[in-house]
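K.L.:
Given next are the chains, with one letter for each unit.
4 protein chains.
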Amino acid sequence: MEDGPVNLREFQELAKRNLPKMYYDYISGGAEDQFTLRENVEAFQRIMLRPRILVDVSKIDMSTTLLGYNMSSPILVAPTGSQQLAHPQGELATARAAAACNTIMVFKRRDVSATLLQRAERNGYKAIVVTVDTPRLGRREADEKNKMIIPRNSNLEGLMSVDADLTGGSKLEAYASETLDPSLSWKDIEWLKSITKLPIILKGIITAEDARKAVDAGVSGIVVSNHGGRQLDYTPPTISVLEEVVKAVSGAVPVLLDGGVRRGTDVFKALALGAKAVMIGRPVVYGLAANGEHGVRSVIKMLQNELELTMALAGCPTLRDITRNHVMINHERPRSLL
Amino acid sequence: MEDGPVNLREFQELAKRNLPKMYYDYISGGAEDQFTLRENVEAFQRIMLRPRILVDVSKIDMSTTLLGYNMSSPILVAPTGSQQLAHPQGELATARAAAACNTIMVFKRRDVSATLLQRAERNGYKAIVVTVDTPRLGRREADEKNKMIIPRNSNLEGLMSVDADLTGGSKLEAYASETLDPSLSWKDIEWLKSITKLPIILKGIITAEDARKAVDAGVSGIVVSNHGGRQLDYTPPTISVLEEVVKAVSGAVPVLLDGGVRRGTDVFKALALGAKAVMIGRPVVYGLAANGEHGVRSVIKMLQNELELTMALAGCPTLRDITRNHVMINHERPRSLL
Amino acid sequence: MEDGPVNLREFQELAKRNLPKMYYDYISGGAEDQFTLRENVEAFQRIMLRPRILVDVSKIDMSTTLLGYNMSSPILVAPTGSQQLAHPQGELATARAAAACNTIMVFKRRDVSATLLQRAERNGYKAIVVTVDTPRLGRREADEKNKMIIPRNSNLEGLMSVDADLTGGSKLEAYASETLDPSLSWKDIEWLKSITKLPIILKGIITAEDARKAVDAGVSGIVVSNHGGRQLDYTPPTISVLEEVVKAVSGAVPVLLDGGVRRGTDVFKALALGAKAVMIGRPVVYGLAANGEHGVRSVIKMLQNELELTMALAGCPTLRDITRNHVMINHERPRSLL
Amino acid sequence: MEDGPVNLREFQELAKRNLPKMYYDYISGGAEDQFTLRENVEAFQRIMLRPRILVDVSKIDMSTTLLGYNMSSPILVAPTGSQQLAHPQGELATARAAAACNTIMVFKRRDVSATLLQRAERNGYKAIVVTVDTPRLGRREADEKNKMIIPRNSNLEGLMSVDADLTGGSKLEAYASETLDPSLSWKDIEWLKSITKLPIILKGIITAEDARKAVDAGVSGIVVSNHGGRQLDYTPPTISVLEEVVKAVSGAVPVLLDGGVRRGTDVFKALALGAKAVMIGRPVVYGLAANGEHGVRSVIKMLQNELELTMALAGCPTLRDITRNHVMINHERPRSLL
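Chains as they are written, first to last, in our numbering: chain D, 349 to 686; chain X, 349 to 686; chain C, 349 to 686; chain U, 349 to 686.
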């Protein structure tokens, strides 16, 4: 570690220093009162760890699988839009960093079509992530004040092939479709299934009711997400509803979590509460703004290192050793000290 | 949206800038420690939303009915006194804005009499709102320090007819009687019923006990209200007792809520917990102080727009789709993160 | 109300301005971390009121009885030491003010003896209040830093007779013995009972266990008190344990409360939770420091007026109308908004 | 008391003033977000005391026994590394102060071997404390920023014999082994038992699961510790899990507590919740930094005096009088005022 950041939060400060206010506000902001934005992070801090001692932790193995594909760690890069606001190389730099860290990156596209999906299949993309919490755009008031206009991602097409080159065929290549069509409904998921063989993952589910519907609809995975607090304010922090969704799904499909992950201990907590993996969004963009591809790499590596140390100190040499019993939520304390 | 306020809170700041301190203190202040004043707003922030996904929300319908009359949205203007402190046009401007927004305005009168009620019936008023939490005036200490004297509303009579002109016969015209007679009792409600055919709504009930009495007394509606925290300090925030009242009433009469509503998400929460509609008081006066009739219009429109977006993002195309299950109070979280 | 204080808290600010730091620190300070000092006040703020409407409150009666004596209100002056630090006239001024407000004042003596008690009986004193939470002096760190030495109350003897003159025989004249004898035990209460016919009240009980022992020992009353947070830090705020003591006593003797009362709503809350009356200590001394006898009078009157208004706004014309059901503690809310 | 510190917290301020920032940060810091560091202290402040009155407390006896040895008070000096950072005399000064206060000091060594243990037995050491929460070093970010390098404790060997001289044979001489070997496991405890007759105490257990394993492994004692919040962040504060461990052990071996003890009331609370004794770490080092041996002596004496006064004010003349019923945790309050 040079004189640079020692944790993910410090990347945010660097990003704030490097970016025009309008862009920083756009990236960092949340909807309306920003309750959910703050809570996503703070809810993690109300979960405690129950480490076990005298376990041989000389070797830590963070590897896992998702939809049959091997991953070196349970940390993915979430789809985030307009990364060129953060750095001229934008998604390209992020893709290179993700590849260097053996991490899966989820790309963002808005123009889903049968043609595009067929091309995605041909290009080695392994799954479709459909973002389902944006029938309309949430209200970020700083953006209204700044008169922020989101630029068109004109070069995304190019990035797709570049990324395919970078990553080879060895990793799951997810692809996120975030639509603003307010008429989108469960029927459209049926349609999507009918036109692609790629597994479909729904991103933006935070209730047991919808989780059950998703399983019934035949999806292959769920991402518990509230869009980083950017859409509907006062949705609960994702980590607080993860277990509700995990129980509703009861093992039928993998459940991922997105929102508020800033520490290796956060990843550990999400896994203990049933997540198969987590996605990080803003920290990656902050790394990009701080130092381009190298910054993104630092962010991902830092989080992987923190998770590895957490597993060692908690007495969990592999991800399978992490159980529900390794975390404690306030109300579970035998002597709840409020 | 111009460079003006982007939310209701910012109207309060504008009002503070525009008004003499004595007037601003009078309008914005609460009783004694101002606990209830603050809690009315903050209690909303402890309720979370449980949105549903993949519902067709391309059309949002906010219309509802109250006492048989149609309303374009479940948002009413609460009776607030001395609006001329906020703007020279006072209630007149508010009435025009309310009419322009298709919103019901509740007027405030102190001199209830058989004669007045008969005239109200003739003038097209559709209901009597009796404020029952003011047997005596609460203590606002800033007003004591400012030696604030509330001016007489000498021109209210005139306003009544003006308003009748403005609104036509298409809307419910409520009329609030706030009496300072400390001997007022349930017998007076009987008397009131005997001299008018207008439905009677009691404003200021916050317990199940009184809600049941009100239903037994034959009232046509209840407004859960603590007078905006201006009367008895340390009464609970209205949103926290709404459900107690709703359950006690068990559907016999509509229950409205007043106090602390500042966001479309707040309106949504109140409806989910059983309110038929909400009343907004201070925000309207802040809008008036900020920019007269136009300011009031912005306040009402803003809240309507926020409610509409909230319904879309929560997957509720109509008010009937909003259920108790769309909100979650802290202690209900499956894994309560305190 | 002139330009003076509008609530009891503002008297504290005046006292701070008027007194040498060393004296103010001594009067206002608490033991060690001052947790109990703060909590005594703040715990009241976590109790909410459940007012009832449409009750005739044109006449409010605050009178009550204690040990068979009539009191104009359920507010007494607690024994506090060294009032001459606050004002040259000290206890004399306080006694005059208490008499003018028809309030009982509890005097403080350390040299209890059979002779003194006999003289007290002759002088019309009606009860002995034994302070039982001071086997040794608590640690007030500000006093240690200030090298504060408590002056001897050499003229207390004189004050006793003066006070007897002032108050006549119409009121209960309590008399507090605060001993620093660490060997004091329940046997000494037996001894005290054997040498005086005056009823004995124990001040400083905060557990059900000791409350039951006190009743068994034949005392005539209990004061729930933690010595204003000046003795053992981290004792619970008195209002939070009042109900535990009241239940243990189950009506055998009256229970009073001391500590943290600053508002009429606080008095109301204590009564609703089972107290027969409350004692105020520091506010009286602050009033004394602010403006001598007149200041004390203002403090007592202000609290009486606030209680009277609270009763009116809560729909309780007499003290008997105040029930457990008129208050709500956080965990009792039907929908507990934490 | 001179013009010096009046409580343990003030020693920390003195230490901060006296030490280079790099050293102060190293001593005072915790892992990552420092949640556990803060909570260790603050969790004590959420426990309340239930004192009993009218108990003869003219004589307070704080003596106890541990592993059959007499101790003058239930307060030990925890093993802390690199005390020479705080003061040139380092462990030597601390050892002298501990001896002067009749307190047991636990030394820190990393190079455990059969030879060393045999020498320890010969030198009168009475127990081995094995620190089990450091398979790897926790991340203190201030240290990373400061590029802090921990100096080698080259003169520890010498200190051991010096200390043996100072303390004579009358006290339990504990000896802590803190290893960074990540492969350390329960088998190594077996090995340790096979090569020494000294009783083995495990330091760093915070779950019932591990406490039961420790008893099964035949250890002679347990120290509930999270390494002062320096290892795995977000472990619960030790006082909050003490009772879980005490119950799991159910009297088989003594349980000690380490972490966050800053007040005599804290010691009292730990004993009431089942600890046999407590260890203090940082406060001793702060005393050392503030004023060398004399500072350490003041710290220990101050805490002993505070415990003695707490016992007197709580009505507990001996440690055996302190029961679970003398403390109350928030959720146990009959009327839980959150």
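None of these hints come from the bench; they were simulated from the model.
You may find that some hints are simply not true.
Pairs count within a copy or across copies, as identical chains cannot be separated in the list.
Using 25 Å as the maximum straight-line C-alpha spacing, the simulated SDA-like pairs for lysine to any residue come out as follows [what the hints assert, rightly or not]: (1) Lys649 with Gln466; (2) Lys495 with Leu362; (3) Lys364 with Ala490; (4) Lys493 with Glu656; (5) Lys474 with Lys495; (6) Lys369 with Gln437; (7) Lys649 with Ser598; (8) Lys407 with Lys649; (9) Lys369 with Arg357; (10) Lys364 with Arg560.
K.L.:
With reference to the structure, classify each hint as holding or not holding.
P.N.:
These are the hints, each one checked on the structure:
Proximity of Lys649 and Gln466 under a CA criterion of 25 Å is satisfied in neither setting, with 33 Å inside one chain copy and 45 Å between copies. Within a single copy, Lys495 and Leu362 get their C-alpha atoms as close as 24 Å, and across copies as close as 21 Å, so both meet the 25 Å cut-off. In this homomeric assembly, Lys364 and Ala490 come within 25 Å of each other (Cα to Cα) both inside a single copy, at 15 Å, and across copies, at 22 Å. With identical chains, the CA atoms of Lys493 and Glu656 are at most 25 Å apart between copies only, with a shortest distance of 21 Å across copies and 42 Å within one.
Within a single copy, Lys474 and Lys495 get their C-alpha atoms no closer than 37 Å, and across copies no closer than 44 Å, so neither meets the 25 Å cut-off. For the identical chains of this complex, Lys369 and Gln437 are intra-copy neighbours only, at 19 Å inside a copy versus 40 Å across copies, given an alpha-carbon limit of 25 Å. Taking CA atoms no more than 25 Å apart as the test, Lys649 paired with Ser598 passes in neither setting, with 32 Å inside one copy and 44 Å between copies. With identical chains, the CA atoms of Lys407 and Lys649 are at most 25 Å apart within one copy only, with a shortest distance of 18 Å there and 46 Å across copies.
In the homo-oligomer, the alpha carbons of Lys369 and Arg357 lie at most 25 Å apart both inside one protomer (18 Å) and across protomers (23 Å), since each shortest distance falls under that limit. In this assembly of identical chains, the alpha carbons of Lys364 and Arg560 never lie at most 25 Å apart, being 40 Å within a copy and 50 Å across copies at closest.
This entry does not satisfy hints 1, 5, 7, 10, going by the numbered hints stated previously.
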